[in-house]
Amino acid sequence: MKNLVILSIVFLALSCMNAQEKSHVKEALLIGTFHYNNPGADVAKTKSLDILSEDSQLELKKISSEIKNYNPTKIFVEWPYNEQKELDSLYLIYTKGNYFDNDSLSNFYLKNEIFQLAFRVAKENNLKKVYAIDYATPFPFEDVMKEIEDNNQSDLKKRIEEGISKFTVDFDHKIESGVSLTELTYFVNSQEMRKFSNYFHNDLMLLAGGTNDFSGPLLTSEWFKRNLYMWSLIQKNVTKSDERIMVLAGTSHVAMLELFIKENDNWKVKELQQVMEK
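Residues in the sequence shown are numbered consecutively from -15, following the working numbering.
Worth double-checking, as some hints may not be accurate.
Straight-line distance between alpha carbons at most 30 angstroms, and here's what the computed DSSO-like set of lysine-lysine pairs gives [stated by the list, open to error]:
hint : residue 1 : residue 2
1    : LYS254    : LYS158
2    : LYS158    : LYS142
3    : LYS252    : LYS112
Label-pair restraints from in silico Cβ distances [what the hints assert, rightly or not]:
hint : residue 1 : residue 2 : range
4    : ILE148    : ASN250    : 32 to 40 angstroms
5    : SER216    : SER49     : 25 to 33 angstroms
6    : THR152    : PHE92     : 17 to 25 angstroms
None of these hints come from the bench; they were simulated from the model. Since the structure is predicted, the reported quantities are computational estimates derived from the model, not experimental observations. In this text, a Cβ means the ideal position worked out from N, Cα and C, and glycines have one as well.
Turn these sequences into a full structure, and let the hints steer you where they fit.
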């Protein structure tokens, strides 16, 4: 009887703690993005949007203004976590208003979404820093495709190639049709795109090769590892006072981060479209 009483007290205490945690649910504004500078480093090779055009710059101003109203207290970006000092230095230059005065900026430092959007939002919200969360891991895609070839998995190869092709064609079609930056961002953050990304990385890759071939599962495990480390770094840098944060990363990273957040009762996802169309 005494043990039952103790267990009941423990259960009640845990229930109260859980209820208290849920009453302080944090929001993560997830913004999956294509890389504005389009370095061609992703598996899918797509056309580029002119992020420096007048229309794109006006849209960035509008997007950052709406995010400012949302008021994230911390911003996390796809930058090597162990190069935080470099990011801090760049952000300091940006806050002084002379970042883009440097005529020798490379395509990356001129156009990348970190400098075009994340820095803009951070400065408008008077934030002291932008947090780097990327942790690079191997991505043996060529090894996976070789195993598929060696094992005559023609159907799997076709499914992979068709998936990549569909995304590329759909994305390029939107670019060619003159779609706005905002609409293009909504497109890459659609549930359809996120589900395909997770299916591509976490399901299709596992089927590659024979029973003694593991480059597919290795790719998936390294992909999970990279994104888990990113999610870990986000959580470690969030305090009780941070009710709303913003995460800006490649669309495939955001697709994974959404999975992790949905499994955490203390967090919920906020979409850019909700912020823009409130």
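A quick look at each hint next to the structure:
1. LYS254 to LYS158: Holds. LYS254 to LYS158 sits at ~24 angstroms (cutoff 30 angstroms).
2. LYS158 to LYS142: holds, 24 angstroms
3. LYS252 to LYS112: Given pair LYS252, LYS112 holds - Cα atoms ~25 angstroms apart, limit 30 angstroms.
4. ILE148 to ASN250: 32 to 40 angstroms: holds, 36 angstroms
5. SER216 to SER49: 25 to 33 angstroms: Taking Cβ atoms as reference, SER216 and SER49 lie about 31 angstroms apart, which means the hint holds.
6. THR152 to PHE92: 17 to 25 angstroms: 22 angstroms Cβ-Cβ, so the 17 to 25 angstroms window holds.
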